[in-house]
Amino acid sequence: MRVHILDDWFDTLRGLPCFDKLKAHDVTVWTDHLEDEDALAARLSEAEALVLFRERTPVSLGLLERLPNLRLISQRGVYPHVDVQACRDQKVLLCSKMPAGAPSYAAAELTWALIMAGMRDLPTQMQSTKAGNWLAGVGKTLRGRRIGLYGYGRIAKTVAGYAKAFGMEVVWWSSGEGRARARHDGEIVADSRQAFFAECDVVSLHVRQKPETRGIITADDFASMAPGALFVNTSRAGLIAPGALLAALNAGRPGKAAIDVFDTEPMTDAADPLLAHPNLMATPHIGFVTEDEFEMQFGDIFDQVVAYAKGEPIHMINPDVWR
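Note that my numbering has the sequence shown beginning at 2, numbered continuously upward.
Warning: the hint list may mix true and false statements.
Stated by the list, open to error - Beta-carbon label-pair distances, calculated as ranges:
1) A101 - D221: 28 to 38 Å
2) S176 - A252: 23 to 33 Å
3) G229 - N70: 54 to 64 Å
4) A101 - L123: 31 to 41 Å
5) D27 - G312: 12 to 22 Å
6) H278 - I189: 28 to 38 Å
7) A114 - L136: 14 to 24 Å
8) L136 - A101: 42 to 52 Å
9) P59 - D27: 17 to 27 Å
10) H185 - R67: 44 to 54 Å
These are calculated hints, taken from the structure and not from any lab test. The C-beta atom is built at its ideal place from N, Cα and C for all residues, glycine as well.
Could you build all of it, start to finish, from the sequences and the hints given here?
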């Protein structure tokens, strides 16, 4: 099959052991990103199978209508960026293994790294040291402080384990159902949403983005946070109301933020007001970017391509297309 892989920005996949699974196929790896749908359609005109790199490129009806050779889309995890009904209409099979059980340890570890770096202000300290200025300010000890985790899922629970190991008090907020599960498990749930944001030294967001969760973190939530608090987001930028985080940092509540996600990605505008804010620490959506995570994820994705080519597709989201 003619297999096209999108958005491998750093050309990492060809160096993974799992890439050998595609040795029987004609594989094209694209290491840039195209926003223009016309240009993307022209690029993929010969593709029979399309491998998506997370949610970096949306797949719309307009795109699918211009890909007459496409028969398979292979990816892993949730698929809010793929128009499943359009796939049905165009007879394109979507295969996506839904991970169950284990969390993304890579994302949890990055979250914890950002928390530690933010509380000790490591970027400023490193910059000051390299500039020959030595010490720059005073950080905060984690032990004895309170961390608030918004969202009662696998990654948040893993982060909670790290926090407890460092001697922090863990407090939860989530949907009503999530709070009920947390209480059932013997966890501490904040008395109210306002108290959750007001009384935590660190607030870390761990919610899956869906239509009903878009913009769930509001300006009022940020206004409740203390000037010395840290807000962390390694989930999705769309969970925050548009403009709310920048306005909050400008107002000094919270005092700092550390994020791995942006409304526009890749974010390459150094003058962007949020990216350039002095109280923001930022990483380029690397929560899942480790060799181990890539090998696991793309091993599953490539298995789906191989299975389809053998006439035995797996992890079908729209199996009616296959039948």
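Verification of the supplied hints:
1. A101 - D221: 28 to 38 Å: Holds, since A101 and D221 (Cβ atoms, about 35 Å apart) stay within the stated range.
2. S176 - A252: 23 to 33 Å: Taking Cβ atoms as reference, S176 and A252 lie about 27 Å apart, which means the hint holds.
3. G229 - N70: 54 to 64 Å: Hint holds: Cβ distance 57 Å, inside 54 to 64 Å.
4. A101 - L123: 31 to 41 Å: holds, 35 Å
5. D27 - G312: 12 to 22 Å: holds, 18 Å
6. H278 - I189: 28 to 38 Å: Roughly 32 Å apart at Cβ, these two residues keep to the hinted range, so it holds.
7. A114 - L136: 14 to 24 Å: For L136 against A114, whose Cβ atoms are near 22 Å apart, the range 14 to 24 Å holds.
8. L136 - A101: 42 to 52 Å: Taking Cβ atoms as reference, L136 and A101 lie about 47 Å apart, which means the hint holds.
9. P59 - D27: 17 to 27 Å: Holds: the Cβ-Cβ distance is about 25 Å, inside 17 to 27 Å.
10. H185 - R67: 44 to 54 Å: Since H185 and R67 have Cβ atoms about 50 Å apart, the given range 44 to 54 Å holds.
No hint from the list above goes unmet by this structure.
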